[in-house]
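Student: Sequences are here, hints too, so could you generate the full structure?
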Amino acid sequence: MTALLSEGILSCIGRQSAPRREIVTRRDIRKYAIATDNRQAKYLAGEVAPPLFHVHLFWDVVPLSALSPDGVSIDTLLPRFPLEKAMAGGLDITYHQPIKPGDWLTATRTLTDIYEKSGRSGPLIFYEVLMEVHNDAGEPVVTEKTTRILR
Amino acid sequence: MSLTPKVGMALPERQHLCEVVQQMLYNASLWNGHRIHFDMPYATEVEGYPGLVVAGPLIGDWLHQVVDEWLGDAGTITGIEYSNRIAAFVGETVTAGGTVTAYDPGTGELRLEVYVKNDREEVLAPGVVTARLNR
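Note that the protein sequences, when read in sequence, are chains W and E.
Numbering of the first sequence is given in the working numbering, commencing with residue 544 and proceeding in unit increments.
Numbering of the second sequence is given in the working numbering, commencing with residue 11 and proceeding in unit increments.
These aren't lab readings, by the way, just hints derived from the structure by calculation.
Cβ coordinates follow ideal geometry from the N, Cα and C atoms, glycine included.
Some clues are possibly wrong.
As the list claims (entries may be wrong) - Under the rule of at most 27 Å between Cα atoms (straight-line distance), these lysine-lysine pairs were calculated in the DSS-like manner:
| # | chain 1 | residue 1 | chain 2 | residue 2 |
| --- | --- | --- | --- | --- |
| 1 | E | Lys127 | W | Lys688 |
| 2 | W | Lys628 | W | Lys574 |
| 3 | W | Lys574 | W | Lys660 |
| 4 | W | Lys628 | E | Lys127 |
Said to hold, decoys possible - If you want a taste of the chain W side facing chain E, the calculated C-beta under 7 Å gives, among others:
| # | residue |
| --- | --- |
| 5 | Ser560 |
| 6 | Gly633 |
| 7 | Glu659 |
Tutor: Here it is as structure tokens:
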């Protein structure tokens, strides 16, 4: 048994969000490409999405009333952790196939792990969220594992 | 266009000015309302930052772009592993770059170490990109 992580918190491992299905549009690709300082014509014209476009497509869209006072959408996949100060996080992404306007994509997020380590200045909590994006044919499009550290 | 990668070769670096309008458009395009990115009194007085914080995934995007521009139509990024270690602030100019660390001419598979650093040579986000050249 770990010191910080209760049974209740650990029992959240495996929790999954409801699948979210979104359509890719040329306009959204163009806006994303311009806002990221991209200078490749195929992205600026919205013919195909640049890598990392799935971040835009699946960012949580919630009513203003669901935002915390600092403007952040609360991630309902996560339990309330005993440490709350977020440190650097890491991403591990696999791109399986390109994203184009007209594609309907579905993302499912799973809380795949929660664990504790002792850092130099005290305990740290790690959690991992896996986002799997697939198309309507059921083929994988993007797989993203996010690791976040709390202190 | 064809590329002839060699292990150890450096990619052309790219500078990005973290400009306020672009930051606003980026966060708006995501639907990211986190005040540290656009509300200066909040970012500095409440959160204690020296300025408006550049969104972490935007730095991640620049790690992709430095490879993706170099590849052009000759190949595709197949994956990335990276972490955001140090924040960047609006008004800073950051530099993205990378080095080829492995290349298999048989399969066209490439591995590159990439970075975004600030003008104090601090690496804000280190990463490893995998890519494949078109056959």
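Student: For this structure, which hints from the list above don't hold up?
Tutor: The structure conflicts with hints 2, 3, 5, 7, although it agrees with all the remaining ones.
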